[in-house]
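For this one, chain A is given, so just place chain B on it according to the hints.
Line order of the protein sequences matches chains A and B.
Residue numbering for the first sequence follows the numbering used here, starting at 1 and increasing by one per position.
Residue numbering for the second sequence follows the numbering used here, starting at 1 and increasing by one per position.
Quick caveat, the hints were computed from the structure, so don't treat them as lab data.
These numbers were taken from a predicted model, which means no experiment stands behind them.
Since no wrong hints were added, every one of them can be taken at face value.
Chain copies aren't distinguished; within one or between two, either way the pair holds.
Using 20 Å as the maximum straight-line C-alpha spacing, the simulated SDA-like pairs for lysine to any residue come out as follows:
1) 193 <-> 13
2) 122 <-> 72
3) 129 <-> 115
4) 129 <-> 92
5) 122 <-> 92
6) 122 <-> 8
7) 21 <-> 186
8) 21 <-> 34
9) 142 <-> 84
Protein chains: 2
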Amino acid sequence: MILCDIGNTTLDWYINGVSSKQSVDDFDPKEHSEKIYYISVNAKLSSVLKSFDNWCNIAQFVDLTKYYATMGIDRIMACEAINSGIIVDAGSAITVDVMHDDHYNGGFIALGLRCAQEAYAKLSPALAKSFNFEVDLTIMAKNTPDAITIGFLAPLIDKINSLGRPIYVTGGDSKVLAPLLGDVIVDDLLIFKGMIKLIEKVH
Amino acid sequence: MILCDIGNTTLDWYINGVSSKQSVDDFDPKEHSEKIYYISVNAKLSSVLKSFDNWCNIAQFVDLTKYYATMGIDRIMACEAINSGIIVDAGSAITVDVMHDDHYNGGFIALGLRCAQEAYAKLSPALAKSFNFEVDLTIMAKNTPDAITIGFLAPLIDKINSLGRPIYVTGGDSKVLAPLLGDVIVDDLLIFKGMIKLIEKVH
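Excised from the complex, chain A in its bound form (with noise of 0.2 Å):
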């Protein structure tokens, strides 16, 4: 089975088991013949897959009642992959979803550790400093380094800690925020995981 994330500047594939990442810029749909399920936010490539037989959206077999309107596709994905637990997808945002028995329960929108890092730098070149990932968020800073991150993340993290367990992290940022959560299931192939089971669903 083949399968494509694509995204609005990267394609995120799944073919035979094996993740790989593509450019948008390299892309080009003729090169493929075979059967391929997508999920896209690209609303561009998206118009252009419509008219190709071979490449099958699978956002129409969700049940989009379940979540609301604007809800990005690649966050309701991993919502299919779980029957219950919290979801914090680290990337550009920081998105964290609830699902209880099958229910979407609703989430929340943080900021991704670098916007956020160039949000500080942008307010003063005196906050223009990399996280300190080895600080201890349950204290106070004093210093520069130190209160930026546990300003950005200690609250963040609590928030997060305080929505029970399990609590599965994916995401380019996943490596960087799950020791910060203490114990998390780690799955980078979560969305792939969901587009799958909803395909086994329909089929």
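Only chain B this time, still in chain A's reference frame:
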């Protein structure tokens, strides 16, 4: 007594009990012949004011060993204003500082409300929404404006509230943040009160 809190774009004046603002562009130190006590985070103006005998920089009166080297003098003045409590200064950044028995216990720096909303907007046009300050911060969101509001504010509000009481809220966004925090003291003159306390101590 005349006090002046000099920022990078604005001067905050406190003249005989009345506060007012002035743009840095409109400021000419030669227009003032009275004695003026000031603090400044504006390196250029600090340098200019050194040659004026009537301009007295009260940063020199602070026991800086209580704080940390790169901490802003405006944060330090707000801390000097109280003996024990939490100080939330909601401006372009939201600084949070903890004082206990006249001892500085540390703090942290979150992004300001405008800065955070701009960072979401930069991430994606879909996230270019205003915060919904009416939302219940204790729930999970099921629409985009609520998702970014809860994502940014709920963790921060919970964290501040976990630090204890009393909480003093100051800064340009004090009126917006205070209702979310519950039982707090809004005091937009906190920095000036710290300055006055320090001046009285050394005279």
